[in-house]
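Peer 1: Taking the hints into account, I'd like the entire structure generated from these sequences.
When the count follows the numbering used here, it moves up by one through the sequence shown with no breaks and lands on 478 for the last residue.
I should point out that these hints are in silico values taken from the structure, not numbers from a laboratory. Honestly, I wouldn't trust all of these hints.
The following label-pair restraints were derived from C-beta to C-beta distances [unchecked claim]:
id	residue 1	residue 2	range
1	V474	R353	15 to 25 Å
2	H390	K463	31 to 41 Å
3	V451	A351	23 to 33 Å
4	K467	E386	35 to 45 Å
5	D373	V476	34 to 44 Å
6	R372	R477	30 to 40 Å
7	V459	E385	34 to 44 Å
8	N367	A416	18 to 28 Å
9	K467	A377	30 to 40 Å
Only pairs whose alpha carbons sit at most 25 Å apart, straight line, appear in this in silico DSS-like list of lysine-lysine [as the list claims (entries may be wrong)]:
id	residue 1	residue 2
10	K467	K478
11	K466	K478
12	K443	K382
For clarity, every value in this text was computed on a predicted model and none was experimentally measured. Glycine residues also receive a C-beta, built at the ideal position from the N, C-alpha and C atoms.
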Amino acid sequence: MLAKRIIPCLSVANGRVQNGVEFRDMVDAGDPVKCAEEAVGHGAGELLVTSIDRHGTGLGFDIELYQALAEVVDVLVTVFGGAGNIQHFVDLFTKTNVTEALVGALLHNKVLTIKDIKKALHESGVVVRK
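Peer 2: Quick look at the structure:
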């Protein structure tokens, strides 16, 4: 049986971690890098990072943000927000140390398949789980 995990989520908008309910009345919780380091310092074994700025845009992952976080922590970093095509996943995994990416609407709306994403990653030299 896999061990259970508690995974902090950093929701980032305008370069700052934001907290709120249903993305309303958001409160600035601080610098993403400092928040990531703090979470890991408190025992987080991985992080989930959402780019609110990119979420739903299809403009691509926030490579600069995600790499900045992946460089300073020694845990798994899962990211979400911005993917619009297969190349965005290739760019994410070839240009950053990010370990995982979430995908939602692209699958639900049948724009992409997991098989196609994995194939493109494999063809780009990215090792992916089968």
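Peer 1: Now, for every hint given, state plainly whether the structure supports it.
Peer 2: How the hints compare with the structure:
1. V474 with R353: 15 to 25 Å: About 23 Å separates the Cβ atoms of V474 and R353, which means 15 to 25 Å holds.
2. H390 with K463: 31 to 41 Å: holds, 37 Å
3. V451 with A351: 23 to 33 Å: holds, 24 Å
4. K467 with E386: 35 to 45 Å: holds, 38 Å
5. D373 with V476: 34 to 44 Å: holds, 39 Å
6. R372 with R477: 30 to 40 Å: Because 36 Å falls inside the window, the suggested range holds.
7. V459 with E385: 34 to 44 Å: For E385 against V459, whose Cβ atoms are near 35 Å apart, the range 34 to 44 Å holds.
8. N367 with A416: 18 to 28 Å: Once the Cβ atoms are compared, 20 Å apart, the range 18 to 28 Å for A416 and N367 holds.
9. K467 with A377: 30 to 40 Å: With a Cβ separation near 38 Å, K467 and A377 satisfy 30 to 40 Å, so the hint holds.
10. K467 with K478: holds, 10 Å
11. K466 with K478: The given pair, whose Cα atoms are some 8 Å apart, holds under the 25 Å limit.
12. K443 with K382: holds, 22 Å
In this structure, none of the earlier numbered hints is contradicted; all agree with it.
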